[in-house]
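Place chain A on chain R using the hints.
There are 2 protein chains.
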Amino acid sequence: MTAYKDMTLDQRRAEYAALQTAFADLKAQGLKLDMTRGKPCKDQLDMVSDIFDMLKEPEDYIVDGIDIRNYGALSGLPEAKRLFANLLDCKPKQVFVGGNASLQLMYGVIDCAFIHGRLNSPRPWCKEPVVKWLCPAPGYDRHFKLTESFGFELITIPMTSTGPDMDAVEEAIKDPAVKGIWCVPKYSNPEGIIYSKDTIVRMASMKPAAPDFTIMWDNAYCIHEFDGDYVEFPDILHQCKKYGNYDMVYEFASTSKITFPGDGVACMATSEANLEDFEKWIGIQTISYDKVNQQRHVLYLQNRAHTLKLMKKHAAFMKPKFEAVLSTLDREIAPLEIASWSHPKGGYFVSFDAMPGTAKRTLALCKEAGVAMTAAGATFPYGIDPNDSNIRIAPSFPPVEDVEKAIAVFCTCVKMSALEKLGV
Amino acid sequence: MTAYKDMTLDQRRAEYAALQTAFADLKAQGLKLDMTRGKPCKDQLDMVSDIFDMLKEPEDYIVDGIDIRNYGALSGLPEAKRLFANLLDCKPKQVFVGGNASLQLMYGVIDCAFIHGRLNSPRPWCKEPVVKWLCPAPGYDRHFKLTESFGFELITIPMTSTGPDMDAVEEAIKDPAVKGIWCVPKYSNPEGIIYSKDTIVRMASMKPAAPDFTIMWDNAYCIHEFDGDYVEFPDILHQCKKYGNYDMVYEFASTSKITFPGDGVACMATSEANLEDFEKWIGIQTISYDKVNQQRHVLYLQNRAHTLKLMKKHAAFMKPKFEAVLSTLDREIAPLEIASWSHPKGGYFVSFDAMPGTAKRTLALCKEAGVAMTAAGATFPYGIDPNDSNIRIAPSFPPVEDVEKAIAVFCTCVKMSALEKLGV
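Respectively, the protein sequence lines represent chains R and A. Residues in the first sequence are numbered from -10 upward in steps of one, following the numbering used here. Residues in the second sequence are numbered from -10 upward in steps of one, following the numbering used here.
Treat the hints with caution; some may be incorrect.
[Said to hold, decoys possible] Derived lysine to any residue pairs resembling SDA-like cross-links, with alpha carbons at most 25 Å apart:
1) 134/R with 147/R
2) 45/R with 36/A
3) 45/R with 79/A
Please keep in mind that the hints were generated in silico from the structure rather than gathered at the bench.
Next comes chain R alone, as it looks inside the complex:
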């Protein structure tokens, strides 16, 4: 295969005509494939559904003297705190266990800061003339939308192969209006990058101008290797404490991709002072979370070693789908020199950088052929990718045959839009 940039106009036209024929054939198949969201497939959910049988007898609902069906234990069951502390390598006293959504806990932290201010805030954030927020991009659209919804000004920080560009971060935090940063430190969404030790140390030792600067450390994929063994990862709370920034970070995780996206358990880990402050405000909005579901997870997951065995079983479903995507891209697209993409070993996404100016067109073509993908731009603040290049591929949900079909469609569309850009 010849790289597109080395083709003559006639060669590109011939290639494009062939792709148009192939595209028409694909369209004629009437496909309806969905790769929009990173969610486990039905087989993965069936695999763990025996968690719902963990509690049987009336006495199973009394745990550490707490009736888990009644009100109480706002910050979570002690054993649930122990479990998450074990998964995250932190201490149970640093852990708050919530409901089924870590996003809800993240919202809670920002919402409390907005209305009441954080521990070291000069004033509630709603009283600030402007709040700015650092968004390493490409990143997670729901993170960006959350801070956008509070009217914060989103500042794009470029991602590097070792995490956010820390030079850019260190420069940005000189502005006291910059109040925080989003991070997905392990198997970042969408690139699957693991922050390097150097990045983590620089992050934990920052000296921001804002006394209430906040790291939102969304460790969503903390044990989510699908290729190879569990990769050890530094505990950010310990790192921040070491550098005198103990109150600067909130870490989040959940079992959304360990048990169920809709019926898992979410947690937050932070300093004791932050926890005390958070509980005071979160206690205004709820009396307690679903402790029965917390206890199911305690009994089912047990500890990190046991949970890692379960993650190996998830990996058996995930890996073939990622291999289908990556092997097809490596074979079909790499020689054309029109795009690049990540080769993650964990998480839920492949990040694909199409030829600048072609991401939207590529996804419009995909849609025409019945393949739904995350909207172009979604991985950038305000949904606007300045290069119109990044596309998030989420191969986890469809069966592997459908992933193969979808990625074949995708490759055709990537090629067509690149040729259109180059001129045909």
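Relative to the frame of chain R, chain A by itself:
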């Protein structure tokens, strides 16, 4: 028995001395009784714990084409909406089904109004110089604390035997800074009052100065009769719509006292326009609620008729406890003419009005004798009862023998504090 007001000083002194002896005996028993919160007892929870066995096979988790374990269906399962619409006498399209806490949905409504404004808001409430909120009192402490936490100015509205004093409400809403009111319309917390038809019509037909005035209609005890049959109650959405105020009201309910306080399902009902607005903002903070638990409730509760049968079984636990409280008060306290109290037929509380200036002292004495009750003042805005009179009695949780012991202690303390006030 002689009314205390008719006693001579010597008689009061003799009575007080006898009570002191009785009190010393009670203290010596080393009681540890808790009547602080309205929550079901363990037997009630055991009774409904077979709800956890409703889902067994992998196919049980696919409902109306939705995998209830995965992401999706933010506003709730269609059948869960149908169930709550049936319980509340409204329409499924008016219903949002959430997580385990109606308080969380209430917080969500106020939080969205604070940050973004409601449909007809001139500006977000956080940009208003002052927001005032009507609090019929005695009322529910968590309601008052919620609006207090946003910095709203709480305005006490007296409760009457037919609901909030509507003359006072109609006067107050002439102020455009008054943005809303809390209501527990059926078996009000703590008095157990059912709002009259006239109150409801006046409420639904209000013409507040604020275009975004909000009725928070917490129908927490909508089917919670413990004495006698289900009492029909007008649908507030229909009433508000009839008077051109369709967007003015948000109704809330939950299964916290039908199945479990910690693991029930909460819902909200409001106009379609309000729902659309709410979903837009709530979708920022969560992807979806626990639909497995929603489906358990759909299968277990089925419909109103079936749920009312279950409520009769709850009533069998509740009624003896309320009878223990009321018969003791009627026998021990009524002849002394030092206090009055409600005689509810539903809900979770008895509202007790001690001699003015004695509520705190009464509860301090109770505590000394090992009986914990809801703090005096809790039923009023800012936790301050101007008369230091109202006490909320919550007899549902302890076994009936403990309720009897606790109320005996309570009567002794009520008498002692009244005598102290009268002079001994």
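Flag every earlier hint the structure violates by its number, smallest first.
3
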